[in-house]
Amino acid sequence: MRIRSITGLWLGRMTKWVLWALGRKGTSLPGLVAARVAPRLLEELLNQLSTCVIVTGTNGKTTTTAFLYAFLNDGEAWLTNRGGANLQQGLLAALLAKSDWWGRLQVKKAVLEVDEATLPKVTAKFHPQAIVVTNVLRDQLDRYGEVDLALRMLSEGTRYAGTALITNADDPLAMSLGLGRPELTYYYGMTGVVDTTARRTDVRDGAFCLICGRELEYAYFIYGQIGAYRCPEGHFERPQPTFAGRWERAGRRLVVCEAEPNTAEEFTVESPVRGVFNQYNLLAAASAARVLGVSPKALRRRVQNFAPPTGRFQVFPGAPERVLVLIKNPTGANGVLRALEDDAAAKAVCFVINDDDADGRDVSWLWDINLEEFIPCSRAAEWLCGGTRGLDMALRLAYAGIERTQIRVLDKLAQVAEVSADGVETVYILSTYTALHPLSDLLKEVANRG
Amino acid sequence: MDRSLRFVHLFPELLNLYADHGNMAVLVGRARARGFAVETVAVRLGTELRIENADLVLLGGGSDREQVIVGKELTRYREDLLSAIDRGLPVLAVCGGYQLLGEYYELPNGERVPGLRVLEMTTRAGRNRLIGNVAIEWREGGERKTIIGFENHGGRTTHEYPPLGTVIKGFGNNGRDGKEGVLYKGIVGTYIHGPLLPKNPHVADRLIRAALRYRGQDDTLSALADDLEWRVHDAVLRQICGEK
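Those protein sequence lines, which keep their order, are chains X and U.
Everything in the first sequence is counted per the numbering used here, starting at 1 for the first residue and increasing by one.
Everything in the second sequence is counted per the numbering used here, starting at 1 for the first residue and increasing by one.
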């Protein structure tokens, strides 16, 4: 390793100590410092890995990564970037934590969550064994401009033919990454979950043929633009998935049918997560683990090691019980709302909307959440809003049909963590990224107080 | 007296990048609250646009790819649109829709994507996108009011018409001349989304009044209880003006 890289590494480590002494976690700053001094440090560390799987896409990266981390854990040490620090500095910080003073990695296997825009930068100088793509949806528009741009970056980042690509058959945009890539491309998709709650009016960003621009025809929608589609001109259609999942909602399990050239084999995994979008995360991770040679038996056992990441339906016991859920874009939020409809409990729904850089500074996406159709089936007794743009959300709720006098706006996150109301069994707190970790800490405190 | 209004949303399935349907919800909500029977028509790709059935037209923004499709489709209706606009048809054109009203959009390689040539206005792609919260000052009938929202555009637009407002914070049309948007007859063109109308109800009412005049009706509107709208407006304005 070059002197410059070692200097960068040392500075990064010192930063981490300083942060630790100050009582901070430091998921990105040590990496930022190291990268400033040594721009090639990241690739030098990555290239020491013997096995690496990258998870990318718009929604579900963190949960899919957590599933893969559980599935791949074969007793040997694996490293991962927990907490969603998925830009270059976050990756670097995760790798630095497992390297010695001379820049030698002590752990040779990694599951890494990588941001869509960071992916091409990472894969330009490093080829992982596999890349898993969750989906390509409308995210924080002010970050990348447009969905088309995110797709271009993913396409560039997954071009290397020696890397296995595991991508979503049911999402026309994610699927398109596999076109013209005949080798080492695997599709996963759901069968038999014709979700009757999928709404025709949801935002759909990829619902047009990328070749002729015609609106895609759908046999059914599962959520967002995800479903069984085909171009009316025959340019492309949903491929037969290599890994076809069937979600048995009542039994809380996922049955995966694996299509080999001549045979089809089935295996079942207990699903510890809620919502159809989360079953996709489980299916994506199980498919990738199979591609990497993990046996169905090991998958069934290791799924029990899955630890739900912060704010992915994170439950804080109490009366009322409080559940923290990340929302960051309309399709993700719509998926969360569908999962809430499945819960028959009397509930309060609290939206915490911040507009820092990591949340997306443009809050217009709140108008793309399909609240109009959620409200009548929500069984919600209380509506609350918080965060720096809580008032914007209150206005959005008013236009969706909630009486203006029925909407409470909370000024402080501490108030959000203590929300309760008569007859409410569960308070769902739907929060954007920057409020998530502070809320999780506050909710832990409240739950511990009992 | 005829108390009905017809609002036409052009290509909502394509031009929906910045939740522009929120603008329609506000126009419909505020017109219905005054007792008007409102009919909304969504003109989708491949369906006929009958401009004589519109009292107000909404044109949103889409991705570059979608923008080109819409530009081609609308060329067929250019003459109809021009004559209706000349008679005062109100049009709310946001972002990509705003650019489309001009003569052309010049790409970085010098290629010009033709616009509808409704306005003598041109747009050139800039090196970086102009992104962020925006606040402008709007004068109408001697009154000064603010308009707030979010902008995110690569194009720099220039024209000699009166602007929608002058920039207090943000970039506006091109980041140079301090102007944001355009006002021409019934047209309100702007880069501001958020969406524009929920937090700027005064702009919504201006459009509704223009629609009433276009139909040859009395354009007085009763006041509505919109304290929440103004609370959000003021809070966001304070936040924007506090930004560095």
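If you are wondering where the hints come from, they were derived from the structure by calculation, not from laboratory data.
Using N, Cα and C, we set each Cβ at its ideal position, and we do this for glycine too.
Treat the hints with care, since some could be wrong.
[To be verified] So, partial list: chain U residues that the calculated Cβ filter (under 7 Å) puts toward chain X: (1) Tyr18; (2) Ile69; (3) Gly71; (4) Ala125; (5) Gly126; (6) His193; (7) Pro198; (8) Pro201; (9) Trp230; (10) Ala235; (11) Leu237.
[As the list claims (entries may be wrong)] With a straight-line Cα cutoff of 20 Å, these simulated SDA-like cross-link-like pairs (lysine to any residue) come out: (12) Lys412(X) to Lys169(U); (13) Lys328(X) to Lys169(U); (14) Lys72(U) to Thr40(U); (15) Lys169(U) to Arg214(X); (16) Lys328(X) to Asn305(X); (17) Lys72(U) to Cys212(X); (18) Lys412(X) to Ala235(U); (19) Lys412(X) to Asp234(U); (20) Lys72(U) to Arg214(X); (21) Lys412(X) to Leu228(U); (22) Lys125(X) to Leu179(X); (23) Lys72(U) to Gly213(X).
20 Å Cα cutoff - pair lysine 412(X), aspartate 234(U): 19 Å, holds
Hint status (Cβ of proline 201(U) to nearest Cβ of chain X, threshold 7 Å): 10 Å, violated
Minimum beta-carbon distance criterion (7 Å), leucine 237(U) to chain X: 12 Å, violated
Pair hint outcome, lysine 72(U) versus cysteine 212(X) [Cα-Cα no greater than 20 Å]: 14 Å, holds
Interface hint outcome for proline 198(U) [beta carbon to chain X under 7 Å]: Where the cut-off is 7 Å and the nearest Cβ of chain X is about 6 Å from proline 198(U), the hint holds.
Restraint status (C-alpha distance of lysine 412(X) to lysine 169(U) at most 20 Å): 27 Å, violated
Hint validity - tyrosine 18(U) Cβ closer than 7 Å to any chain X Cβ: 5 Å, holds
Interface hint compliance - tryptophan 230(U) to chain X, C-beta minimum distance less than 7 Å: Tryptophan 230(U) check fails; min Cβ-Cβ to chain X is 10 Å, beyond 7 Å.
Status of the histidine 193(U) interface restraint (C-beta, 7 Å, chain X): 5 Å, holds
Straight-line alpha-carbon gap lysine 72(U) to glycine 213(X), limit 20 Å: 13 Å, holds
20 Å limit on alpha-carbon distance, applied to hinted pair lysine 412(X) and leucine 228(U): Holds, at roughly 19 Å.
Given hint alanine 235(U) paired with lysine 412(X) - CA-CA distance at most 20 Å: Distance of about 15 Å is within 20 Å: holds.
Hint compliance for this structure: hints 3, 4, 5, 8, 9, 11, 12, 13, 14, 15, 16, 22 are not met, and every other hint is.
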